[in-house]
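Participant: Single-letter residue listing:
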Amino acid sequence: MKHFTLGTTALVAALSAFALPAASKDLTVTVWAGGSNDADAYRIDNIKAAAEILSREYAIMGEELNITVEGRRDFGGWEEFKQGVTLAAEAGTAPNIVVTSHMDIAPWSQAGYIVPVEDYLDLDTFPLNDLYPNLLEIAAYNDIQWGIPQDAESRPFFFWKDTMRGIGYSDADIAALPGRVASGEYTFENVLQDAKKAVDMGIVEEGYGFYPRPSNGPDYAQFYQSFGGVLQDPETGKLVLDRESMQEFYQFFVDAVEAKITRKNHLGTDWGQWYTEVANGKAATWHGGTWHYARYTGKEGNEDFFGTIEFSLIPSGDGNGRPNTITHPLVYLVTDQSDDQDEEIAAQLIKIASGPRLNSLHAIKSAHLGIGQQQSNIELYANNQWAAEATERLLSAANAQPNHLGYGAFSEAMFKGLEASWTGAQSPADAVAELETELRAKLGDDLIVR
Amino acid sequence: MPRTSKPRFNWLGFGFLAPAMAVVMLFFLAPVIMTAFFAFTNMSTSTGITGGDYLLSQSDLLGLENKDISPETLDALNNAEYRVDDAGLARLAAARDQATADEFRTLHYDATFASRRDVERALKDLRTNRIRKTRDRKDAAELFTTSVMDERFDEESDFRSALAASGINQADHDTLVQEAYTGWIWTTENIELLTSLSSSWRYAMNTAIYVAFTLAFNVGFGLFLAISTFYLSPGVAATFRTIWFLPRVLPPVLYVLMWYWLTWDTGIISTLARYFGIAPRNWMLDTGTNAWIVVILINGFVGASLGMILFSSAIKAIPASMLYASEVDGANRWQQVRYIILPQLRWPILFTSSYQTLSLLTSFEYILLATDGGPGGTTEVWALAAYHTALNNYGGNLQYGLGAAYALVLVVIGIITSLLYLRFFNFKELVSKPRIEQ
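Chains as they are written, first to last, in my numbering: chain A, 1 to 450; chain B, 1 to 438.
For the record, the hints were derived by calculation from the structure and aren't laboratory data. A virtual CB, placed ideally from N, CA and C, is assigned to each residue, including glycine. Among the clues, some could well be false.
To be verified - Pairwise CB distance ranges (calculated): (1) B:Leu62 / A:Arg56: 41 to 47 Å; (2) B:Thr271 / A:Pro234: 50 to 56 Å; (3) A:Glu300 / B:Leu420: 54 to 60 Å; (4) A:Glu300 / B:Gly63: 46 to 52 Å; (5) B:Ala114 / A:Leu380: 36 to 42 Å; (6) A:Glu79 / B:Asn78: 24 to 30 Å.
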């Protein structure tokens, strides 16, 4: 009898808990994604999918949560996007979630625009405990997990197979190239020789032996690393200017211009023209990003990517350097909002969107690389030749640029010096001397000069 | 009834003037004041614009090493940890309940943890008093912190009391407060940096080249167009003027795009030059000289059209009888231009020159669109450098303060130049009433 009473009481209590008007919340979550085109739609769509799941989880727990996700990715460029986010944050109208470069974490966390996801998420739970640790670290700053990597990529070196055959490579030689690059046997000296051969033999036009990226970007830090440069001192966290490596890196581009394999006025070439040319064999060698696969095989109409293009790490410059590639993952960040619960929901959405299934949709559609180990168990991802090969060949050797407040100034100045040497405005030695003065003045104690 | 009309009249005048005053304040005075204000701050993306909080993070500790601070404090901050002590357990009991605190005491009393994540893991060991919400577990873990590291405080006083509570030596508080402040501070470093960088002098030289050549082209070509169309029949003259006015009315992006088509290595010049055996090249960016010529022409054609309109109307204002008289006296065209037209154009030439100098000093949009300062910084003018510094940075940390310092230099030069112009051209005399009316 007593048992019955208790049971009834419990039942009544449980029923009344459900009968009571459940806590209800309507929330509009705004997602702004920088640097995103149509292929990157899942940066926003995955948050929508996550909202669907999260609402159901809340419903099971007896809370009504109605999430409307509003996405925006029609920004004129990175500058417009970053200015938009910072100004909105200053005005207190920041979007709830932003997808941006991991390098924004340092300034935005310092300014208080973003909140650490680790304040809301249990990093020991799935899928967060499945993410590649080196990628997670790239989304951390000052030992705090500020964001979650949204995708991964890396920046390979490309060879046009027909051109390589034309200068005497056999198919086996070409297939061996990635290995020779990775072991440090094939260096930029070889690139220079092979590219020159291709130009001299008339297989490619002058200036098309080595056809680099036409604008500033993380890619150029790779060349600095190729010649032995280090971006950040692991002990102190300070940025590092290695004068010798920097000068060798600049000198390589001067040599490339002299050898007529690269145009002196190459920088500033239209991106559209650039893509068309490299995707269709006008250049012998070049470098780009893993996401270029989508563009080459899509808009540029290269129907036989693996039959026409070989890819490898960025070769080492000489004996002192190392073959390398830089990964520049975009990250999901949660912005500071007046309502703490909104931040929590935004963080939970990011977490769900980072699961292997949803992230694989983005990775394969946009030709990016996965962020979690379980993605190799998702057929969509595992059966994709590009994702599988690029992950294996590149991602394990990838490093990222440092999350450091002064890194923006560092990379801008580094590129300015390269531009001045490349175009002949300054000698590499002068450019490095000026770079050193500028960095010492701007970074002070945050810089180590070697 | 009488006497009242005067103040009412004043108010009316003020009312008419008010919109203009508001515009002047908003669009001219306010930007100048704000530029001067920003230039003496270290404002950047990371400091924010609207003030800051107090936060000690790992990277601040690096900065503290060179400051006057006791080794104990530095050590305490470097080894910030979470400790399950009586105070922490009391806080846990207050926040949740005694039973939870007691169970946690039996599990982990006196344990220390390097991070909050480790405490969260320890809290998962609770069995009878499980904490079933992630947020609650995080809040509980936070109760065991012994340090102010990585915690954000809105107010200085809160930060100071947290410092005191965590047992940091009182003598170090001021230094820590200074280091922990995340907002911007007043500084003269930007100006010092500007004067010490060799690139500043190059940008200044580039600006001088840009302004001098573009101005000469603007005024010279504007004059040429005005005078040559003056001697054409009205219909033909109007057609020519309209054509030459096109660069000004075209949207800049479109106008510069046409220059791309003209000058790129796949463009019109290269295609035509190929017939003469000249290898195609980028006529805009091939060399510094190329870039300068293109930059000056792009800006020059835009400016010349304004000069042309002003000069043309000024020439039309010259009494035709003077020209007829000179022809009777046997003057040729050149003599008419030299002795009649040019002297009467003194005022429009002054106006165009001074107006164009000032606008050229601060204009960079056509350069940004065309060469973006290239090749190799050859055409990087001062205003463009200000833009690049303050609003364009791949690494994300925009240098608002330094950019404003660049801009402030332009403001100062602009003011000095206008004063010089007024003096040099004897402005007072130009605007004084004709002697006949005195």
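Participant: None of the hints should be skipped; say for each whether it holds.
Facilitator: Each hint, compared with the structure:
Range check, B:Leu62 to A:Arg56: about 46 Å between beta-carbon atoms, so the 41 to 47 Å window is met. The given range of 50 to 56 Å is respected by B:Thr271 and A:Pro234, whose C-beta atoms sit roughly 53 Å from each other. Between A:Glu300 and B:Leu420 the C-beta distance comes to about 56 Å, which sits within the given range of 54 to 60 Å. For A:Glu300 paired with B:Gly63, a C-beta distance near 48 Å keeps the hint of 46 to 52 Å intact.
Between B:Ala114 and A:Leu380 the beta carbons are some 39 Å apart, a value that agrees with the proposed interval 36 to 42 Å. The hinted window of 24 to 30 Å between A:Glu79 and B:Asn78 is violated, with their beta carbons roughly 38 Å apart.
This entry does not satisfy hint 6, going by the numbered hints stated previously; all others are met.
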